[in-house]
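Chain order of the listed sequences is Z and V.
To convert, note that position 16 of the first sequence is 16 in the working numbering; the numbers rise steadily by one, no gaps.
To convert, count from 1 in the second sequence and add 1000; that's the working numbering.
It is worth saying that the hints were derived from the structure and are not from the lab.
Some clues are possibly wrong.
[To be verified] Simulated pairs of lysine-lysine, DSS-like, Cα-Cα distance not exceeding 30 angstroms:
#: 1; chain 1: Z; residue 1: LYS7; chain 2: Z; residue 2: LYS27
#: 2; chain 1: V; residue 1: LYS1142; chain 2: V; residue 2: LYS1124
#: 3; chain 1: Z; residue 1: LYS67; chain 2: Z; residue 2: LYS30
#: 4; chain 1: V; residue 1: LYS1103; chain 2: Z; residue 2: LYS75
#: 5; chain 1: Z; residue 1: LYS96; chain 2: Z; residue 2: LYS67
#: 6; chain 1: V; residue 1: LYS1103; chain 2: Z; residue 2: LYS15
#: 7; chain 1: Z; residue 1: LYS87; chain 2: V; residue 2: LYS1072
#: 8; chain 1: V; residue 1: LYS1016; chain 2: Z; residue 2: LYS29
#: 9; chain 1: Z; residue 1: LYS8; chain 2: Z; residue 2: LYS96
#: 10; chain 1: Z; residue 1: LYS75; chain 2: Z; residue 2: LYS27
#: 11; chain 1: Z; residue 1: LYS96; chain 2: V; residue 2: LYS1094
#: 12; chain 1: Z; residue 1: LYS87; chain 2: Z; residue 2: LYS67
#: 13; chain 1: V; residue 1: LYS1103; chain 2: Z; residue 2: LYS96
#: 14; chain 1: Z; residue 1: LYS86; chain 2: V; residue 2: LYS1134
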Amino acid sequence: MKVEYEKKDKLLILKITEEIDHHSCEKIKKRADYEIEIHIPKKVVFDFSNVNFMDSSGIGMIIGRYKLVKMFGGKMELINVKPSIKKILEMSGILKLISIEETGGSEFEKCI
Amino acid sequence: MKNVYENEMKLEFLSKSSNESFARITVAAFASQLDPSLEEIADIKTAVSEAVTNCIIHGYEEKEGIIKIKCKLFANSIEIEISDNGKGIEDIEKARQVLYTSKSELERSGMGFTIMESFMDEVKVESVLGVGTKVTMKKMIKVTDGIEEMKVRL
Ligand SMILES: Nc1ncnc2c1ncn2[C@@H]1O[C@H](COP(=O)(O)OP(=O)(O)O)[C@@H](O)[C@H]1O
Ligand SMILES: [Mg+2]
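Excised from the complex, chain V in its bound form (with noise of 0.2 angstroms):
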């Protein structure tokens, strides 16, 4: 099928723990076009925040620097991409093990990169050292029977 919609978006800020809320709202208030339910909002939201979050703590590690994020909205699909030019990772495979952080001295979790996978339905990591890193997700929004009686329509 044809996608019915599509749509995008690019975001460019700072690398400042305070644009990770505007982040993350902007990214649902984008998404609100494919009609999400509260839980899928909410998925996102946390997915976006975990990203940012990482440009800021470990690409960065707290200097400054430009956090950018990508956006495509498909019929009933959202891929969100978000990239920093920050340290870069050495190991993405343990980087991305449940629990793994390399910064345990900050109280991180190491759990930034579960829920990023458990919350969408792909996630996707290129990383080259000194240059930076991206991630790209995607997430399956569920069409609801409104939205399917209508496309049926037209």
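Just chain Z, same shape as in the assembly (with noise of 0.2 angstroms):
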């Protein structure tokens, strides 16, 4: 996973660089869960750019990175997900919490 924080406008950006699995996800969650915990930041973004394979288990990673953003009054997002992906996450429904925005919102170009 690649990090970057940009600390002006308290946004985390999160680069899950693997594919998402049971194994994969621990890793995953504790990573992220560690950057949340030390920047409390406003938005956290994952982008999903190099993720060309997802399973349940980022449903239920993704739902548990979302409660910890909220409580510390941030909001989520996701980017650049591919079509096989998006089918997966429409089903669970956590698309009524949390967006996904095609391909980087201009915020998130200026940031990179």
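Reconstruct the complex from the two isolated chains, following the hints.
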């Protein structure tokens, strides 16, 4: 996972660089929680551009991080999500809570 | 119509989470003989990942055990059987319900069976408490035009 933090906007960008399953989730959860807890960001962006696979373990992982971010009063967003993964997210109903932004919003572009 | 093509493979591996990707990639590679679309391959990978993960987390509860996969190819479909000799499921109907999970403390979403059901055409679950669980899934693979033409000529 690649981590970027934009202090000015309190924006944390977590770019996942592997397939998301039960095996990889443990590592992803630990790192994401650590970064969220030390920065207390206003907004967390999960960048999925390098994620080619995700199963239902990913849904649990995203919901868990969402709860943590929300507890600190922040927002969460997913970007660059591939269609096969979007299908799973749609099925789970979590898109009612967390939005998918199509290919990096302007705010995000400025930060990278 | 008689099956134009039939093939079969079996796979046995330890219930380690590092084998989840090995299992789905191996089944997808075998399925590729049917010339499936990218979407069909993604569906198969996801369904296999769900079933194998369930054997590891729920069947064996992260203890060591053996997971078996049997895979059959037909002319335009694939059948995948994934089984464990773990703790078994008490109430299969309840287990298959959307969002039902017995392990919410592990951040499971309870979407596994729902994903298997929507990505595959048929999902059968057989389980005996203390003996194990077997999930059998079938998926039709749409034959692409080129192959259809070939079959007509044959
Ligand atoms: N192989 C298995 N052995 C024992 N119990 C299982 C197995 N597969 C599924 N289950 C039970 O069915 C429930 C639902 O499974 P699933 O839909 O994949 O959701 P999740 O894995 O997120 O809990 C599990 O919580 C578990 O109680
Ligand atoms: Mg599951």
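Each hint tested on the structure:
1. Z/LYS7 to Z/LYS27: holds (24 angstroms)
2. V/LYS1142 to V/LYS1124: Judged against 30 angstroms, a Cα distance of about 21 angstroms means the pair holds.
3. Z/LYS67 to Z/LYS30: holds (14 angstroms)
4. V/LYS1103 to Z/LYS75: Holds: V/LYS1103 and Z/LYS75 sit about 26 angstroms apart, inside 30 angstroms.
5. Z/LYS96 to Z/LYS67: The hint holds at about 14 angstroms.
6. V/LYS1103 to Z/LYS15: holds (27 angstroms)
7. Z/LYS87 to V/LYS1072: The hint holds at about 26 angstroms.
8. V/LYS1016 to Z/LYS29: holds (19 angstroms)
9. Z/LYS8 to Z/LYS96: holds (28 angstroms)
10. Z/LYS75 to Z/LYS27: holds (22 angstroms)
11. Z/LYS96 to V/LYS1094: holds (25 angstroms)
12. Z/LYS87 to Z/LYS67: Roughly 22 angstroms between the alpha carbons, so the hint for Z/LYS87 and Z/LYS67 holds.
13. V/LYS1103 to Z/LYS96: Distance of about 23 angstroms is within 30 angstroms: holds.
14. Z/LYS86 to V/LYS1134: holds (28 angstroms)
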